[in-house]
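K.L.:
The sequence shown: position 390 = 607 (the numbering used here), numbered continuously.
Just so you know, these hints were derived from the structure itself, not from any lab. Among the hints, a few may not be true.
Below, computed lysine-lysine pairings styled on BS3-like, alpha-carbon distance capped at 30 Å [what the hints assert, rightly or not]:
#, residue 1, residue 2
1, K363, K375
2, K395, K454
3, K328, K375
4, K445, K395
5, K363, K395
6, K461, K280
7, K363, K280
8, K395, K375
9, K445, K375
10, K363, K328
11, K461, K445
12, K411, K461
13, K474, K454
14, K280, K454
15, K411, K454
16, K395, K461
17, K445, K411
18, K411, K280
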Amino acid sequence: MPNSVFIQRVTLRHFKSIAACEVELRPLSIIVGPNGSGKSNFVESLEFVRDALRESLDSAVRKRGGINEVRRRSGGHPTNMGIRLDFTLGNTTGFYAFELHALSQAGYEVKREQCSIIASASVHEFNVEAGVVTHVSTPTAPAASKERLYLVNASGLKEFRPLYEALSSMGFYNLHAKAMRDLQDPDDGRLLRKDGGNLASVIARLESASAHDPTDVRKQRIADYLHKVASSVRDVKFRAVGPKHSLEFFQEVEGQKAPWRFWAASMSDGTMRALGVLTAVFQHDTEVSVPLVAIEEPETALHPAAADVLLGSLLEAAENQQVLVTSHSAEILERDHDLSDCLIAVENIRGVTHIGPVSEEIKQLMRDHTFTPGELLRQGQLMPVLFSNTPQRELFS
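Construct the complete structure from the given sequences, taking the supplied hints into account.
P.N.:
The following block contains the structure:
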């Protein structure tokens, strides 16, 4: 699989139910574990970064119920929450990290923020502590504030702009069949919304792209995979319904020469969710770049055989962008493919989420085809390796 990794490693300290973790991500990473174990909290840490940059830090904190709901609750009452992302971006590598300090009466401040971008011939970096820029590699630099992330300010500098755009363009999806079936307001279709509520507009954009460039096969790949998931569905197309947008499905019916047409309102939850997942992972292009796509439980409402097909689409999509999915279902792990290095296991022990790779012994069972990942999940064998004796990576260098 080509190296489509954007986020190489995620390091968390006291984020929601996660006390500490250091997780390496692959082109395709599958986070597995029981309901309530903390899978979504790990994904949300990345979404928190995206929201804090795209909207504002205050908005990202408020939409999650305040700083006391973002930082981990524990008997020790930790006051700091930290995130570090090690990344690869084109020909550069580096890391970006920040730590928030909780104040009294639900207040907070950015205690420290650091960024380092390493190219072959240069290093671009900044360090901010309590609202004061203590180091920056550029001749001129904007002012800092305790209430917002400095990378937002630094995005005006060409050295830091690519990282800001990449982190603020990550896509996070918890798709709702009803939102995708309902008539939708017009939208530019540039990026699929989290619930899929502008799916018709995104399909319209992909149809337009393929009409102008016959080599653009994204819409066709979506239709091809959808046909494998729901064998009677031959195609899906954008339709305007008065001032609203919708989708029309073309379905084979026994005894009929031409396919019958059905509006999105008539389609099953499984078909709509599959279409949403496929659109989320194939919407990426050079103009609309989504370097990382994260999808919550993509196999929901699908037949087990369809879940296997959906995994194939995720593997294909991961050749061009990083894909992260959560699952507590064994069906999506039954494919005859080596997923041993793709799996990230999660468990919750007395209210604390533990995240890590599975053991090398368990990986070897999968590589030898002794057990499929799905069988091991059913047996409760996909547990994270806890490196309790390994020194924890520091958030800052």
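K.L.:
If a hint holds in the structure, say so; if it doesn't, say that too.
P.N.:
Do the hints match the structure? See the list:
1. K363 - K375: OK: K363 and K375 at ~23 Å, within 30 Å.
2. K395 - K454: holds, 18 Å
3. K328 - K375: Satisfied, since the Cα-Cα distance of roughly 25 Å is no more than 30 Å.
4. K445 - K395: holds, 22 Å
5. K363 - K395: Violated: K363 and K395 sit about 41 Å apart, past 30 Å.
6. K461 - K280: Distance ~29 Å between K461 and K280 Cα, so the pair holds.
7. K363 - K280: Satisfied, since the Cα-Cα distance of roughly 19 Å is no more than 30 Å.
8. K395 - K375: With a Cα-Cα distance of about 42 Å, the restraint between K395 and K375 is violated, given a limit of 30 Å.
9. K445 - K375: Distance of about 44 Å is beyond 30 Å: violated.
10. K363 - K328: Status holds; Cα separation ~7 Å.
11. K461 - K445: Holds, at roughly 29 Å.
12. K411 - K461: Holds, at roughly 19 Å.
13. K474 - K454: holds, 19 Å
14. K280 - K454: violated, 35 Å
15. K411 - K454: holds, 21 Å
16. K395 - K461: holds, 15 Å
17. K445 - K411: holds, 24 Å
18. K411 - K280: holds, 15 Å
In the structure shown, a violation is registered for the earlier hints numbered 5, 8, 9 and 14, in ascending order.
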